[in-house]
Every structure is written in C-alpha cells, then in structure tokens.
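2 protein chains.
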Amino acid sequence: MKALEERIQKDGQILPGNVVAIDNFLNHQIDTALCRKMADAIYEEFQDEPVTKILTIEASGIALATLIARLFNAPLLFAKKTKSTNIHHDIYETKVDSYTHGDTNRVFVSKKYLPSTDKVLIVDDFLAMGEATRGLIDICQQAEAEVVGIGIAVEKGFQPGGKYLRDHGHRLKSLAIIDAIDEESGIITFRVQDDLTELCAKKALPNKPSFERN
Amino acid sequence: MKALEERIQKDGQILPGNVVAIDNFLNHQIDTALCRKMADAIYEEFQDEPVTKILTIEASGIALATLIARLFNAPLLFAKKTKSTNIHHDIYETKVDSYTHGDTNRVFVSKKYLPSTDKVLIVDDFLAMGEATRGLIDICQQAEAEVVGIGIAVEKGFQPGGKYLRDHGHRLKSLAIIDAIDEESGIITFRVQDDLTELCAKKALPNKPSFERN
Chain A
1 MKALEERIQK DGQILPGNVV AIDNFLNHQI DTALCRKMAD AIYEEFQDEP
51 VTKILTIEAS GIALATLIAR LFNAPLLFAK KTKSTNIHHD IYETKVDSYT
101 HGDTNRVFVS KKYLPSTDKV LIVDDFLAMG EATRGLIDIC QQAEAEVVGI
151 GIAVEKGFQP GGKYLRDHGH RLKSLAIIDA IDEESGIITF RVQDDLTELC
201 AKKALPNKPS FERN
Chain B
1 MKALEERIQK DGQILPGNVV AIDNFLNHQI DTALCRKMAD AIYEEFQDEP
51 VTKILTIEAS GIALATLIAR LFNAPLLFAK KTKSTNIHHD IYETKVDSYT
101 HGDTNRVFVS KKYLPSTDKV LIVDDFLAMG EATRGLIDIC QQAEAEVVGI
151 GIAVEKGFQP GGKYLRDHGH RLKSLAIIDA IDEESGIITF RVQDDLTELC
201 AKKALPNKPS FERN
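Here the protein sequences come in this chain order: A and B.
Just so we're aligned: 113 in the numbering used here is position 113 of the first sequence, and the numbers increase by one with no gaps anywhere.
Just so we're aligned: 77 in the numbering used here is position 77 of the second sequence, and the numbers increase by one with no gaps anywhere.
Derived from the structure by calculation, the hints contain no laboratory data.
Only true hints are included.
One copy or any two copies: either way a pair holds, since identical chains are not told apart in the list.
Keeping only pairs whose Cα atoms sit at most 30 Å apart, straight-line, the calculated DSSO-like set for lysine-lysine is:
#	residue 1	residue 2
1	Lys10	Lys163
2	Lys2	Lys173
3	Lys10	Lys119
4	Lys2	Lys163
5	Lys112	Lys2
6	Lys112	Lys81
7	Lys10	Lys81
8	Lys111	Lys10
9	Lys112	Lys10
10	Lys95	Lys119
11	Lys173	Lys81
12	Lys95	Lys111
13	Lys173	Lys95
14	Lys173	Lys163
15	Lys37	Lys119
16	Lys81	Lys95
17	Lys173	Lys10
18	Lys81	Lys37
19	Lys81	Lys111
For reference, chain A alone in the conformation it holds in the complex (with noise of 0.2 Å):
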C-alpha cells in the first residue's frame, strides 16, 4: 500500500539492530484517517471470506481492528494481556513472546466468544518473528474456529514471521512488507506487491458494500 510505505519512509525513525519506530502514526500515537485508509484496503483483499470474527491482541493492533471490524459488520475480540478478576469462566490462553519488549506474556480469550463455527480474520499492526499471530492462530485452533486470513500493517520482510505464516498455507496480506533498512542512508527498501486497493481505485471496481459501513 503505497501511501502506508511512503508514510514509513517519511515518518519512521531508524533505530539500531534493524527497527524502523512507527510510534507516530501507529503504534502510540495512531493517524486514523492513515488507519482507515489501511482497513480499506485489508478489507478490500478479504471481503470474499465469509468473516465472522476480527481477532487482535491487546494494545496497538486494535485501532486498525477496530475499523476492520466496522468495514465486515463482524464484532472484534482482542486477545488480553492480564486476567481481569470480572473474567471468571473459562478461556482459551497462549503464550507470547515479545521481542521488541523483551518479555513473555500469557494472552487469553474467553472461551464463550469464540465458537468452532467462526471465520476469523486475524489483524495486528506488525510481524516480524509472528510471535503474536501465531499465538492467535494457536487460540483459534484450540477453539476449533477456522483463520481465513490474516491482515497485517507492516511485515518485516527480512525476519521470519511471514514467511513462516505463508509456508503453512495462511493467506496472509501484508500493507507494508519492508525487506531492507539501510540504516546509514535511511533508506527502507520495501517489497514490491500487487496492490489490490489501488488497483481497484483505477479500474473503479464495485468493491465497496452497500451498506453503511463505518
């Protein structure tokens, strides 16, 4: 997605050890109109799934989710971090392992709002090892639901998340794939794709719904 790769380019700060921060328009501070532009377009790539379910995990993907979950007309359900003493039946949980912060947590879903019979599209802001992901498919397996996709802002190309999620047949859409940070020049070198939404912008497809889906 052109304008989210030129808003990496423009606006991510180069870290060292390969890490672009996009805090200031995703992951802390979040642009919405940006944010809306990208569910557009993570909408556009599934709308043929029968999507019953968008599944993120708490905090930063749930933004985006949240107007993925508009976009389908499907309720979202984020996975939780921490178990609320208000949650007292039973819950499907994994563990996740965080490389940016450097720690482990246990997420959980309530049982009760995942049934085998959901469609779930997975979304989060960022893969990189696909710690995260796979954490959610490993709940959604446990739930016997089935994952029809998983949607993703910006992939490290270059780590081994996605790669991982493709080999075991996971249609996977990445916005943003970056293969190369050159951390001298500051240049980020991002993996050409097919870009369904611009695509359907130019030859003015019917891909909108007709309901009011904001």
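Add chain B to chain A, keeping to what the hints say.
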C-alpha cells in the same frame, strides 16, 4: 444513551460486589456498530470544543477512542503500560491503580506527541474510581496541554470518580451512568440524563459535520 443502557441491561452480567461485566460488547468482545453510535454521541457532545487530540489508555478504551478520533479528524494517542525498547525519548509518566485488576500500573506517553498546544479530549470505556482518567489528566498537566473534555462510555455513578471530576470543573460526559445494581432482581438503575444525540435526532439539528468522518 438509550441504546447503551438497554444493552447493559440486556447483556451485562451482574457479579458480586456491584460489578457489571460488559465484556461481551465493550471490554473484550466489542460490538463496533454500537461503538460507532457511542462515538457519534461523544462527538455531538464535544463538537463545539477545538479538540486536537484524543487521549486514552490501553487497552479497552482504544476501540471507542479510534472511532471518536475519526470523527474529530484528530490523532489518537494512547497511554502505554509497558515501556517498549523502541521508545527512547522523553516521556510523561503517571501511576494508575486498577481496582478491577487489583494492581498498579505506571503508564506513559511520549512527550513529543503531547505538545502544550494540544486541546485534549480524554476518552475511556469505563469510569468508576476515576484512577485511569485522573492519570491521563495528570499526564496532560505535566504536558501543560488543556483537557477540554472527558468522554466515557459507562460510569458507575455510585463510585466517586465521576463526582470528583465534575467537582473539579471538568466537562464530563458519560453515555450511561449506573446509579444502582440490584444483584437479586438483576435490575440496573441508570441516572436520567439529557440525551443530546436523541435530542439532535428528534429536532433534526445540523449536528453532522460535512467532511467524511468515518
């Protein structure tokens, strides 16, 4: 807001200790269609304020705050609970006690995303003791940014958070205020409020902005 009150009465799960769990449509699984109506109502309440930033706290306030940020065409900033290794710059930090989780978190925002010129609308899904909201106000005070309003989905009117904020001169709008919970009958009593959304709908006031705001 009638639709929210009805949903709390219908789907809220009353637990011992005056707790109403609303994790089936707001705190864990999120009904984003209802959330959009709630965002509309908060927007209508504060549309006369020159809001430049929406501030919330991770995680369950982010969905509502995202939709409100779209309406104001303003960036969303959410206070984080853990320090990412990606964030090296200066932060405003505050302490938030959580009575629900029975613990204390330090939350922070990056200084560069909260300049003193900001006019901040604080948003959260829940207000009871008011700890989270007061933490966000504290962060705004450190930044010398002006808090122009506080928009809350559900307030527990029998706990002191709302009264404290109103007594301190804050413009607070809670879409539903629970004044009493009868554990035996399951009846929840809501405070009677002027419902600006419904008034506007009835009078067909021109309360919608003309720009695309979804």
